[in-house]
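Visitor: Okay, here's what each chain looks like letter by letter:
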Amino acid sequence: DQQVKQNSPSLSVQEGRISILNCDYTNSMFDYFLWYKKYPAEGPTFLISISSIKDKNEDGRFTVFLNKSAKHLSLHIVPSQPGDSAVYFCAVSYSGAGSYQLTFGKGTKLSVIP
Amino acid sequence: EAGVTQFPSHSVIEKGQTVTLRCDPISGHDNLYWYRRVMGKEIKFLLHFVKESKQDESGMPNNRFLAERTGGTYSTLKVQPAELEDSGVYFCASSLRLATATQYFGPGTRLLVL
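These protein sequence lines map, in sequence, to chains A and B.
Just so we're aligned: 22 in this note's numbering is position 22 of the first sequence, and the numbers increase by one with no gaps anywhere.
Count along the second sequence from 1, then add 1000; that gives the number in this note's numbering.
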């Protein structure tokens, strides 16, 4: 039973436009949310995170939005660049468990077209 | 500062053989995690060390997998005997000892069991 869902396996966006990647989770106890970017043959690279006490966090071209009532988070990349082409993973954790293990979605492959 | 390193980068073994994977976390990171991605599936948690102690090993698939972290520094993950379904990419991650600490991933070890 998947607790984190990224329903779009792939997304194509024109360079300079906005990329929006979506993620849904099922358990309202999750309280820390992260986005990772992954290039082929490399490990996931941390991009941006947000805790459940916030609804928005920005870092340069990357903004993560959290909608707790809908159990939904999204990553906005503006403007999109060809170097952003990668697989993006949404990950969630629950601090109360003491383990902080991350639960990942299956990823969305973003292609930014020059 | 050096990132998380993993050795070997690739391993091809025959069913029934033993393989040992090594992970060196970022210096000063008490938390060390092992994850695995089987082809076509999401990245899944295996276990979590805090220093040399196993905090959570709920993701370990069976007793053919043995993880150690002697002295609270590097960690090893041994698979004995390896089965075909153990093939995949094994990632190690480390973080500071905080509930919302970001986990930083290594490049992974690609294991193929023939």
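Hint data in this document are derived by calculation from the structure and do not stem from the laboratory.
Fair warning: there could be bad hints in the mix.
[As the list claims (entries may be wrong)] Subject to a maximum C-alpha distance of 20 Å in a straight line, what follows is the list of computed EDC-like cross-link-like pairs (lysine to aspartate or glutamate):
1. B:Lys1044 with A:Asp1
2. A:Lys5 with B:Glu1042
3. B:Lys1041 with A:Asp1
[Stated by the list, open to error] Facing chain A, from chain B, some residues (calculated, C-beta under 10 Å):
4. Phe1007
5. Pro1008
6. Ser1009
7. Val1012
8. Thr1020
9. His1029
10. Lys1041
11. Ile1043
12. Arg1064
13. Phe1065
14. Ala1067
15. Tyr1074
16. Ala1093
17. Gly1108
[Unchecked claim] Cβ pair distances, simulated, as ranges:
18. B:Leu1114 with A:Ala70: 21 to 31 Å
19. A:Ser10 with B:Thr1070: 17 to 27 Å
20. B:Ser1009 with A:Pro114: 44 to 54 Å
Think of the CB as a built atom: it goes at the ideal place given N, C-alpha and C, for glycine as much as any other residue.
Visitor: A closest beta-carbon separation below 10 Å is what the hint needs, so does B:Phe1065 meet it against chain A?
Guide: Result: violated, 16 Å to nearest chain A Cβ.
Visitor: Quick one, is the B:Lys1041 hint okay against chain A at 10 Å, beta carbons?
Guide: holds (7 Å)
Visitor: Hold the hint about B:Ala1067 up to the distance rule: shortest CB distance to chain A must be less than 10 Å.
Guide: Since chain A brings no Cβ nearer than about 14 Å to B:Ala1067, farther than 10 Å, the hint is violated.
Visitor: Using the nearest Cβ pair, does B:Tyr1074 come within less than 10 Å of chain A?
Guide: B:Tyr1074 check fails; min Cβ-Cβ to chain A is 16 Å, beyond 10 Å.
Visitor: Does the nearest C-beta of chain A fall within a distance shorter than 10 Å of the C-beta of B:Ile1043?
Guide: Given a least distance of 4 Å, the restraint on B:Ile1043 holds.
Visitor: Are B:Ser1009 and chain A close enough, Cβ to Cβ, to be under 10 Å, as the hint says?
Guide: holds (9 Å)
Visitor: Just to be careful, I want the Cα atoms of B:Lys1044 and A:Asp1 compared with a cutoff of 20 Å; is the pair within it?
Guide: Satisfied, since the Cα-Cα distance of roughly 13 Å is no more than 20 Å.
Visitor: Going straight from one Cα to the other, do B:Lys1041 and A:Asp1 come out at no more than 20 Å?
Guide: Given pair B:Lys1041, A:Asp1 holds - Cα atoms ~13 Å apart, limit 20 Å.
Visitor: Would the hint on B:Thr1020 be counted as holding, given a Cβ-Cβ threshold of 10 Å to chain A?
Guide: Hint violated; B:Thr1020 Cβ to chain A Cβ min 19 Å, cut 10 Å.
Visitor: Would the hint on B:His1029 stand, with a C-beta cut-off of 10 Å toward chain A?
Guide: violated (12 Å)
Visitor: Holds or violated: 44 to 54 Å for the Cβ distance of B:Ser1009 and A:Pro114?
Guide: violated (31 Å)
Visitor: Interface hint check: B:Val1012, Cβ to nearest Cβ on chain A, cutoff 10 Å. Holds or violated?
Guide: violated (16 Å)
Checked against the numbered hints given earlier, this structure breaks hints 4, 5, 7, 8, 9, 12, 13, 14, 15, 18, 19, 20; the rest are met.
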